[in-house]
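Protein chains in written order, with the working numbering: chain A, 9 to 406; chain B, 9 to 406.
Honestly, the hints are just simulated from the structure, not real lab data.
Note that the coordinates shown come from a computational prediction; the quantities given were computed from them, not determined experimentally.
Hints may contain errors.
Just so you know, same-sequence chains aren't split out, so a pair can sit in one copy or run between any two.
Stated by the list, open to error - With a cut-off of at most 30 Å between alpha-carbon atoms, the simulated DSS-like pairs for lysine-lysine come out as follows:
id	residue 1	residue 2
1	K369	K167
2	K173	K355
3	K300	K399
4	K30	K399
5	K173	K132
6	K167	K399
7	K300	K355
8	K30	K132
9	K355	K140
10	K30	K130
11	K399	K355
12	K101	K399
13	K353	K30
14	K130	K353
15	K101	K355
16	K101	K137
17	K399	K369
2 protein chains.
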Amino acid sequence: MKKSEQYRVPGFLANGIHAGIKPDGQNDLALIYSQVPATAAGLFTTNCFKAAPVLLDMERIRGGQVQAVVANSGVANAATGEQGYADALSVSKAVSERLRIDDELVQVASTGVIGHRIPLGKIKAGMGKLVKGLSPDGIPEAEAGIMTTDRFPKIALRKVAIGPKEVTLCGIAKGAGMIEPNMATMLAFVMTDAAVDREVLENLFRRAVGGSFNAVTVDGCMSTNDTALILANGMAGNRTIGRGSRYAGPFAEALASLTVELARGLVRDGEGATKLIEITVEEARTIRDAQKVAYAVANSNLVKTAFFGGDPNWGRIISAAGSVGIDLPVDDVKLFFDDCPLFAKGKGVTGRGAELAGIMKRPEIRVRLTLGMGSRSWTVCTSDLSFDYVKINAHYHT
Amino acid sequence: MKKSEQYRVPGFLANGIHAGIKPDGQNDLALIYSQVPATAAGLFTTNCFKAAPVLLDMERIRGGQVQAVVANSGVANAATGEQGYADALSVSKAVSERLRIDDELVQVASTGVIGHRIPLGKIKAGMGKLVKGLSPDGIPEAEAGIMTTDRFPKIALRKVAIGPKEVTLCGIAKGAGMIEPNMATMLAFVMTDAAVDREVLENLFRRAVGGSFNAVTVDGCMSTNDTALILANGMAGNRTIGRGSRYAGPFAEALASLTVELARGLVRDGEGATKLIEITVEEARTIRDAQKVAYAVANSNLVKTAFFGGDPNWGRIISAAGSVGIDLPVDDVKLFFDDCPLFAKGKGVTGRGAELAGIMKRPEIRVRLTLGMGSRSWTVCTSDLSFDYVKINAHYHT
Numbered sequence: 009m010k011k012s013e014q015y016r017v018p019g020f021l022a023n024g025i026h027a028g029i030k031p032d033g034q035n036d037l038a039l040i041y042s043q044v045p046a047t048a049a050g051l052f053t054t055n056c057f058k059a060a061p062v063l064l065d066m067e068r069i070r071g072g073q074v075q076a077v078v079a080n081s082g083v084a085n086a087a088t089g090e091q092g093y094a095d096a097l098s099v100s101k102a103v104s105e106r107l108r109i110d111d112e113l114v115q116v117a118s119t120g121v122i123g124h125r126i127p128l129g130k131i132k133a134g135m136g137k138l139v140k141g142l143s144p145d146g147i148p149e150a151e152a153g154i155m156t157t158d159r160f161p162k163i164a165l166r167k168v169a170i171g172p173k174e175v176t177l178c179g180i181a182k183g184a185g186m187i188e189p190n191m192a193t194m195l196a197f198v199m200t201d202a203a204v205d206r207e208v209l210e211n212l213f214r215r216a217v218g219g220s221f222n223a224v225t226v227d228g229c230m231s232t233n234d235t236a237l238i239l240a241n242g243m244a245g246n247r248t249i250g251r252g253s254r255y256a257g258p259f260a261e262a263l264a265s266l267t268v269e270l271a272r273g274l275v276r277d278g279e280g281a282t283k284l285i286e287i288t289v290e291e292a293r294t295i296r297d298a299q300k301v302a303y304a305v306a307n308s309n310l311v312k313t314a315f316f317g318g319d320p321n322w323g324r325i326i327s328a329a330g331s332v333g334i335d336l337p338v339d340d341v342k343l344f345f346d347d348c349p350l351f352a353k354g355k356g357v358t359g360r361g362a363e364l365a366g367i368m369k370r371p372e373i374r375v376r377l378t379l380g381m382g383s384r385s386w387t388v389c390t391s392d393l394s395f396d397y398v399k400i401n402a403h404y405h406t
Numbered sequence: 009m010k011k012s013e014q015y016r017v018p019g020f021l022a023n024g025i026h027a028g029i030k031p032d033g034q035n036d037l038a039l040i041y042s043q044v045p046a047t048a049a050g051l052f053t054t055n056c057f058k059a060a061p062v063l064l065d066m067e068r069i070r071g072g073q074v075q076a077v078v079a080n081s082g083v084a085n086a087a088t089g090e091q092g093y094a095d096a097l098s099v100s101k102a103v104s105e106r107l108r109i110d111d112e113l114v115q116v117a118s119t120g121v122i123g124h125r126i127p128l129g130k131i132k133a134g135m136g137k138l139v140k141g142l143s144p145d146g147i148p149e150a151e152a153g154i155m156t157t158d159r160f161p162k163i164a165l166r167k168v169a170i171g172p173k174e175v176t177l178c179g180i181a182k183g184a185g186m187i188e189p190n191m192a193t194m195l196a197f198v199m200t201d202a203a204v205d206r207e208v209l210e211n212l213f214r215r216a217v218g219g220s221f222n223a224v225t226v227d228g229c230m231s232t233n234d235t236a237l238i239l240a241n242g243m244a245g246n247r248t249i250g251r252g253s254r255y256a257g258p259f260a261e262a263l264a265s266l267t268v269e270l271a272r273g274l275v276r277d278g279e280g281a282t283k284l285i286e287i288t289v290e291e292a293r294t295i296r297d298a299q300k301v302a303y304a305v306a307n308s309n310l311v312k313t314a315f316f317g318g319d320p321n322w323g324r325i326i327s328a329a330g331s332v333g334i335d336l337p338v339d340d341v342k343l344f345f346d347d348c349p350l351f352a353k354g355k356g357v358t359g360r361g362a363e364l365a366g367i368m369k370r371p372e373i374r375v376r377l378t379l380g381m382g383s384r385s386w387t388v389c390t391s392d393l394s395f396d397y398v399k400i401n402a403h404y405h406t
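Extracted from the complex, chain A is given alone in its bound form:
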C-alpha cells in the first residue's frame, strides 16, 4: 500500500497544487471535496480581527452542511476589509462552479501574511488543475497545500467500529499558534465517513478541540485565521450517531485521540521547538483555575528558555504558577518532572540532580503541578523557547 492510500476516507476526494502564491514552488492551494454534502461543524478564532474567509465560513457553517473546503497558504486574507471578503467569495465561487455544487456548501480558509490581498488571478487560474486532480489518495497533497513553515506534515487517521460498520476519521493540520513570521494560523480539517447527527457532531468536535488544539500553545498568540472544521459525510452507512447513541463514546474517543495527535504535532513543529513539554495542573478547585495556572507556566518565557537550556529551573515554574491571582496553599503545592519531585512543603527537594539531568535530556517532558485545593485538572502542551524562535520571527520582513 502506498503511503497516500493510508489516508483514504470513503466519499472524500482531495488535492493540492502549486498555484504560484508561494515563491518556492511548494503546494499552496488545497481542496477537499465530499461526494455528497456532509454534516459539518466548525470552530473559529475568537480574535476580533477575524480574517475574511473566517467571517464567510462562520455565516455559512450555520447551515450545518459542507461539501468542499478550499484553502490557500502564503497569504492570510486578514485585515483586508470588504475587498478581502469579496475575494473570499470569488474563491468560493470558482470552486462551486467547477464542482457544480451549491456555493453555500463551500468553506474557504487562508493562512499566511496578514494585510495582503490573495492573488485571485493565480488561484482562479489553478482551479481547473486543482479540481481535475481530485483523488481519493489526495489528502496528503492537500495537507502539503496548507503548510507554511511547517517542517513536517501533520496528518492522522483513526478507524473505529460503529456497530457492524467501520468508520474512518482522517485529519490534517498546520501551524501552531501564529507559527510563521507574521503568518497567521492554525488550520485543521477532519474528514469522516461516519453518519453523525449535526448537534452531536458539533458537541463532540467542540470537546475534542478543547482538549487538543485549544490545549496547546507555542507563543500564546491567537491568530486571525484559526479554523477547525469537521465534515461527516455518512458514506460508511452506519446508523446515525445521535444523542444518547452507544456509539457516541467510541467515536468521540477516536476523534479526541486524532485531534490530540495533530495538536501535539503542531507543538513538536512549533517555531524553533526542540522539546515538547506537557504541563498538567492537578488538584485545582475548578477547571478554570487549573487552566489559568497551566497556561501561565506554559507561556512563561523564563520557563520555556530554561527547558531549551536543559535546566530544571523549578523556581520559574512555581513563580509563574503563583502569579495568576489564585491564592495557592504554598505548603501543599508539589511539583514533579516526570515522576521526580522538585518542590514540596514550600521549598525545593534536594538530592535528585542525577535523575533530573536525565529527564531534562528527553524530547518530551511531563511537568506535573499539584495544587492541593480540589480535584480538577488541566493539561496543556507547549514547546521550549530557542534561538530559532527569535530568528524565525525577527529576521523576516513584511
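Given the coordinates of chain A, work out where chain B should sit on it, guided by the hints.
Chain B alone, transformed into the frame defined by chain A:
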C-alpha cells in the same frame, strides 16, 4: 561636585559592600539608614510564593515606620520555608543591633537565585564594615549592592519646593521583571526628606508605582521578591504634606516622574533589550480594558521579536489586541508608530514604508492604538525580544 554627592538626601546614610555572596567581587550587600525613623510605605509582589524577606516586610510595614533597609543580591531567599524566614530575621537583627535601633524598624530585601538559603555567615561578617561605611554619599554604593545582571545603575533624583522648603527625592532600583536567570526581582527604594502624612504617602506611592513599575514589562513574569519601599524622614522641616495639602500635587508629580525614570531604566536594561517600546492604548471603555490590550501587545513574543528585527509588523499588534476578549470595533481601531499611521478602517495603511523604516531604527518607539470605544487610556513600556534574552535565560544552570 563628585557624582556621588549628587545623590544626597538629608538625614539618609547609605553604603554597599562586597560581602562575598556574589562570586565576582561586586557589591552584594546594601544598607540604607535614616537618622530618624521615617514614615514609610511599601508595595510587594502579589505572587503566592513570596520570598521570606517579603513576608517579614509586609508584617512590619503595617507599623508605618522604617529606619533601615538592608538588601542583598545573589540569593533571593525565596522558596526557603521557615528556615528562610528565620534567616531574614537574623539579618534584620544583625542590622538593628549594630545600628542600635528597634528591630521592627528594619526592612529586609533579597534578590537572586530562588530556592537557596542566604549565606548568613558572610552577611553577618560583613555587617561591621557595612555599617561603619555608612555615608551621605553612599547611595550609589548601595545601588551597586542590589544590582544583579543589570548593565547600568538605576538611580534618579528630584528636588521640589514645598512652601519655603526644598525637599529631595532619590530612588534606586534594580532588575526588570525576573531579569536574571532564575533570579527574582524588581527592587526599588525611594528616600525623601519630606514630611508626609503616612496615609498620603501610601496613596501617592501606590499611584506612582502603578504608573511606573507596574506599567513596565520585560517578559510578563512576576517575581517572588518584588519590593518597592518609600521612606520619608521629614528632615526637610516642611509642614507635613497631609490630606488635601496644596503641596501633595507637586510632591506626587516629582515622585511619579522619579519612579517613571527608574522604571524606564529597568526596561532599557531588560534582558537582551535593544529597544524600548512605549505602548499606549487610547479610547478604551475602561482603564482595565486599556491595560488588557496594552499588556497583550507588550507581552506578545511575536510583537517583541518583530521590533528586534526592525519590522513594522502591524498584523501582529492588531492580532494581539484582538485576542483579549474585548469586542473591538474593528473598523474604528487605528494604529500608529510615533505619528505614522499603519492600520485604519479594518486594513493596513499603505505608502508609508520609508517613514516607517526610519522609525524602526529608533532606540525608543511609541506605539499608539486607539480603540474608538471610550476615553480611557493606559501606557506600558516593554523591550524587544532578542537572541540575548534566550541566551541569558537558557544558558544558566541552577
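Hint check:
1. Proximity of K369 to K167 under the C-alpha cut-off of 30 Å is found in neither arrangement, the shortest distances being 34 Å within a copy and 55 Å between copies.
2. Taking identical chains as interchangeable, the C-alpha atoms of K173 and K355 are never at most 30 Å apart, the minima being 56 Å within one chain and 50 Å between chains.
3. In this assembly of identical chains, the alpha carbons of K300 and K399 lie at most 30 Å apart whether taken from the same copy (29 Å) or from different copies (28 Å).
4. Proximity of K30 to K399 under the C-alpha cut-off of 30 Å is restricted to the intra-copy arrangement: shortest distance 21 Å within a copy versus 33 Å between copies.
5. For the identical chains of this complex, K173 and K132 are neighbours neither inside a copy (39 Å) nor across copies (78 Å), given an alpha-carbon limit of 30 Å.
6. With identical chains, the CA atoms of K167 and K399 are never at most 30 Å apart, being 40 Å at best within one copy and 45 Å at best between copies.
7. For the homomeric pair K300 and K355, the shortest alpha-carbon distance inside one copy (22 Å) is at most 30 Å, but the shortest distance between copies (33 Å) is not.
8. Proximity of K30 to K132 under the C-alpha cut-off of 30 Å is restricted to the intra-copy arrangement: shortest distance 15 Å within a copy versus 66 Å between copies.
9. For the identical chains of this complex, K355 and K140 are neighbours neither inside a copy (65 Å) nor across copies (35 Å), given an alpha-carbon limit of 30 Å.
10. For the identical chains of this complex, K30 and K130 are intra-copy neighbours only, at 11 Å inside a copy versus 63 Å across copies, given an alpha-carbon limit of 30 Å.
11. With identical chains, the CA atoms of K399 and K355 are at most 30 Å apart between copies only, with a shortest distance of 27 Å across copies and 36 Å within one.
12. With identical chains, the CA atoms of K101 and K399 are never at most 30 Å apart, being 39 Å at best within one copy and 50 Å at best between copies.
13. With identical chains, the CA atoms of K353 and K30 are at most 30 Å apart between copies only, with a shortest distance of 28 Å across copies and 55 Å within one.
14. Proximity of K130 and K353 under a CA criterion of 30 Å is satisfied inter-copy only: 27 Å between copies versus 63 Å inside one chain copy.
15. Proximity of K101 and K355 under a CA criterion of 30 Å is satisfied inter-copy only: 24 Å between copies versus 63 Å inside one chain copy.
16. Taking identical chains as interchangeable, the C-alpha atoms of K101 and K137 lie at most 30 Å apart only when both belong to the same chain, with a minimum of 16 Å there against 83 Å between chains.
17. With identical chains, the CA atoms of K399 and K369 are at most 30 Å apart both within one copy (23 Å) and between copies (18 Å).
Violated hints for the displayed structure, listed by number in ascending order: 1, 2, 5, 6, 9 and 12.
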